[in-house]
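Okay, here's what each chain looks like letter by letter:
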Amino acid sequence: MKISSIEDLRRIKEEAQKRTLLREGKADYRVVVHMGTCGIAAGAREVMSAILDEIAKRGLTNVMVTQAGCIGLCDREPLVSVEKGEERILYGDITPDRARQIIASHLVNGQIVGDWVVHAEGRARR
Amino acid sequence: MTGLAVYEEIDEIIGKHQEEKTPLLSILQEIQERWRYLPGDVLGYVSRKLDIPSSMVWGVATFYSFLKTEPAGEYVIRVCCNAPCHVNGSVDVLKTLQKELGIKEGETSRDGKFTLETTSCLGVCGVAPAMMINDVTYGNLSEDRIREILALYR
Amino acid sequence: MAEQERCQVLLCAGAACISSGALKIKEALVRELQKNALDNEVRLIETGCVGPCNLGPLAIIYPEGVFYQKLTPEDAKEIVEEHLLKGRVVERLLYQPPQEERKKFLREIDFFDKQLKIALRNCGFINPLNIEEYIARDGYLALSRVLTEMTPEEVIAEVKKSGLLGRGGAGFPTGLKWELTRQAKGYPKFIICNADEGDPGAFMDRSILEGDPHSVIEAMTIAGYAVGAEKGYVYVRAEYPLAVERLEYAINQAREYGLLGEDILNSGFNFDVEIRIGAGAFVCGEETALIASVEGKRGMPRPKPPYPAQEGLWGKPTVINNVETYANIPPIILQGADWFRSIGAENSKGTKVFALAGDINNTGLVEVPMGISLGEVIYDLGGGIRGGKKLKAVQIGGPSGGCIPVGYLNVKIDYDSLKELGAIMGSGGLIVMDEDTCMVDLARFFLEFVQDESCGKCTPCRIGTKRMLEILQRITQGEGREGDIERLEDLANQIKTTALCGLGQTAPNPVLSTIHYFRDEYEAHIREKKCPAVVCRPLFVSPCQHACPLGINIPGYISCIKEGDYLGALQIIREDNPLPSVCGRVCHRLCESKCRRGDMDEPVAIDDLKRFVADYARQNRIALPVVMDRKRDESVAVVGSGPAGLTCAYYLARLGYSVTIFEALPVAGGMLAAGIPSYRLPREALEYDINQIKAMGVKIELNKAVGKEISWKEVREKFDAVFLGIGAWKSAPLGIPGENLSGVIAALDFLRDFNLGGHVEVPRRAVVVGGGNAAIDAARTLLRLGAEEVNVVYRRTRGEMPAISEEVEAAEEEGVIFHFLMAPLEVIGENGKVKGIRLQRMKLGEFDRSGRRRPIPVEGAEAFWECDMVVEAVGQIPEVESLGEMLSVDHRGNILVDRYSLSTSLPGVFAGGDAIGEEATVVHAMALGKKAAFSIHQYLRDLKPEEEEVIIRPERPKILEEPPVLQEIPRVKPPELPVRERVCSFSEVKLCLEEEDARREAERCLRCDLEKVLKKYQEIVMAEEEVQ
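Residue numbers (the numbering used here), protein chains in the order written: chain F, 125 to 250; chain Z, 5 to 158; chain R, 65 to 1092.
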């Protein structure tokens, strides 16, 4: 694990990039719950548990759930990003119920839930 | 709160910070974390043990708002009353808490459970008004949400 | 079998799906399942109609809940092989929403598009608990390059060259700081990261520590290498437990990976980082106080020099930078100083993170290139002001900063430009404040903060700010005195020059900058005991009453209505407003904008209630008596019988003076009679109000224009004082060619001609130029007269129209066509008559002094419209020529008056209303008339100082102390005439409330006044008892 040269670092970088970008083959979606203090204060933890629960309930295996820091739009916290390849959809004002609906609609059926989108990047913009 | 066991624990805390050059603040923080406040006799003990004048130990203990020399409740509720929270209704948050807990700002509830304080900016202005209970921050507070949150601690 | 069942396929077997072939699909599915030996694991279920029959045949696959549409038998194979066998959703068959629905999420905002993320590059994108995600985005690459390819001097040179300035507040060049520390004698040296971010409203440091802790660790290590330090401390405030937790985790990870510790990357360089947690003291954000706190002492600042670069932590050379500064370092090393220099403004390179807070739609963090305008940040990124309110000012730089008023939205955000305006970049907190913010209260708030956080070491900060706070508290409690503003300025300047540290030196900034930009607001508090934003509670009884320019006791009359005492209500209104029938119809309702009920659901329909009682009295032919003061010898002339003149006359008559009104037109009422169309203000209502004023002995001489029928000299000689309420009747010209053509008419001339019964041409196609109430009145009148098409062109957008928005909506309902962002270029004529108009398309450019975006022409985008009438409604100016040259006017032709007494340059002559160029609304004109009446009284009494004034004891206020019962009652909407009946007549559009509705509406009042009224009542009772 110890990095002792710039080559080591490069190697870890490449491996990590592969992991995060190609998602090791199976993960089609990466769901990011933005969990800075502001997000948590607005209820991001509850959203996170709802997402994990819903994914387990539906037996989805192609989804990777992770947390990240604040993305800046604190007014719309809790925020959840759903990424797929280059596409990145940011949902705002998410409650546990809405999170479940996003799983059902976006992750399972590929339907972006327009009402809660605050920003879209990549293919979805067109 | 004198007692051999207590002093042993304090010795242990002081021991942990042996390596540090000027550990006073860290030691006091840890003592407070353990007993929720800094009792006078403990401060005296720390002063003797570190060979720091008692005036200086007291000086530090009373300078910082997070350090307390009076017993505090199990849960310290800190309400942010800074500008962004202020314009979003922190006054009402404080009022609701006072009503719910039956204590005023700076007081501890009779059962020793809650202490109510105001604090400087909690840095979650995007979800103002906000408060912090011990280490957990809560935002977008409304009367209902405050009641829900308090229920978690009661 | 049930145990093994892994999947269910629900196939819709509703009639519609069967008709579109569902059974064939079922067969195909069964076949495919058997082929793949899945028939034991997958159960096929036929269901009843699922609903969206137009999408059929359809299937839903559980447990995931995938919804497939418009299936054919050929799809069965793919569903089974791909989805059921391999677990891959067949995207091609998923439901595709129609185009409009797909467009729906494009409602999104510009929030992210104008940003450029350097310091926040990873925040929200990587998992902060996973070092490899950081590494995947070039993390620690800068460190490895520094350690393997660069000398410490080269690192410092690169940072210096980048032009990076400290992001914590003072803006000291980072590279220079590093160089000074490297050159300083003393060992060991230290690196400190200041994460004691305490400015209210700033939270970028927290966000970086929580979202990207490794960037700070990496940068501190680079700094350590550059200056020759082996130890770093991050001082985090106690309010940020999550930041501490994540940073701690990251430090341990970095150690594990050998990126902290000994011999990093085999370079022989050692560096480690420790966390120090603050304990709640704002002053510790000051670097010397912070160092004292890391040393375990009371966090008090000490005088500088020596600077930390020479004598810092434990007296050793120390680099101390804040979190955001460090977060910029790795990208600078990786992409080079030249790249960094290419971003930003002249002397401020790179980006800055701002925390948007306050009354703004998108609160949060944004990172923008330096040099972006303040307006762009607030409107394009911040999404504008909450609740459609108006922006008033922005507090930038926290309690040490200053405020920037709405007139400066074009200011470029960089260190130099902000300093010029008396603000500072500070840590980047932007607190946006709308029209409901009181600037005096704001200054008090920040000073209270400083008082709270002053460490107490130096006198100017400890005592000086206390004295300032006392003055401000006095002002906000309505006890301000003349000279207070100067005292504040004096103290502020002394504190600035003598305080020990940055906290004290900058503490007076909010006071100085609010005085600088909002001096009149301070003066209003001190001289008039008014808080224009209706915030300072001790200054008012209820917000609505305070917001009303006339100061009507609104809760008082509403409570009377609640009790059914309508005449009591009218009596209360007429105390402060002699034209209730008029105001109940055409007022623009400042009171309702401050109504506290509006915070819950909707404001109380205050104005409609006023109209209700006025109409009640008129319909029942009740005239209320007015108690007059006493009879006095002096006489006063009022020129003009508009709202200002009538109101002035009313109060003068009550005070006992003989009043004569000279009116140039054949009817009384001024703009009320000749400007406002009767569908908004029926003449009977106006007459009812005027008749009551006449009944008090006020003479109104019609057809008597001063300067024509009666000379100005005569007026001045005959009367002891004169009030000029002449209004503003001259339309401002458009200033374009073709204005003299027949068919070009000024809106006010047109309205006057029509309202006074004169002949007006009715055009086929009219173009009205302007966006104010006169433009809308003219347009709606034209429509009623039978014009085929009425267009209104306005050079800005709808949101910026000065006209009352309800009027604009009503006009649109009736068929007036609005065109925004269009300005006239030329009126085209034929044989001396209007044939058309050439228009220029506009777009919104920079911000102007009013905080609105200024319209600028779109090159080459012109339009020509045929029309036979052009109505000019772009502004009004008073006609003052007949009043002689001695009367001073401003550059726009408005009469110059003293703001407080309304006296003009001529002794004994006062002026008010539209003629002095203040806000041109009915209620403002009336308020000025009222104010002038009392000034005239004062003026006349001062001429006879020997005369004794009888002081009348305040009457016991009528008290209906019943507190309100909070109920959910929706705001009443007064009935309106249907559009088709409106457009062919001049009948009143808005109708009166029914009695029942009025009483229910009155129930909605929250009685904000009760507390104070009861107190006053007690005082009076006590005073009475004492006398007895």
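Hints are computed from structural coordinates only; laboratory data are not their basis. Please note: incorrect hints may appear among the correct ones.
As the list claims (entries may be wrong) - Label pairs and their calculated CB-CB ranges: (1) G110(Z) with D954(R): 51 to 57 Å; (2) E104(Z) with K1076(R): 57 to 63 Å; (3) V95(Z) with E155(R): 35 to 41 Å; (4) E138(F) with A101(R): 37 to 43 Å; (5) G110(Z) with R551(R): 48 to 54 Å; (6) E338(R) with E78(Z): 25 to 31 Å; (7) E1045(R) with E104(Z): 21 to 27 Å.
Said to hold, decoys possible - Subject to a maximum C-alpha distance of 20 Å in a straight line, what follows is the list of computed EDC-like cross-link-like pairs (lysine to aspartate or glutamate): (8) K361(R) with E152(Z); (9) K1037(R) with E878(R); (10) K361(R) with E104(Z).
For each residue, glycine too, the CB sits at the ideal point set by N, CA and C.
If any of the earlier hints don't hold here, list their numbers in rising order. Those not satisfied are hints 2, 3, 5, 7, 8 and 10.
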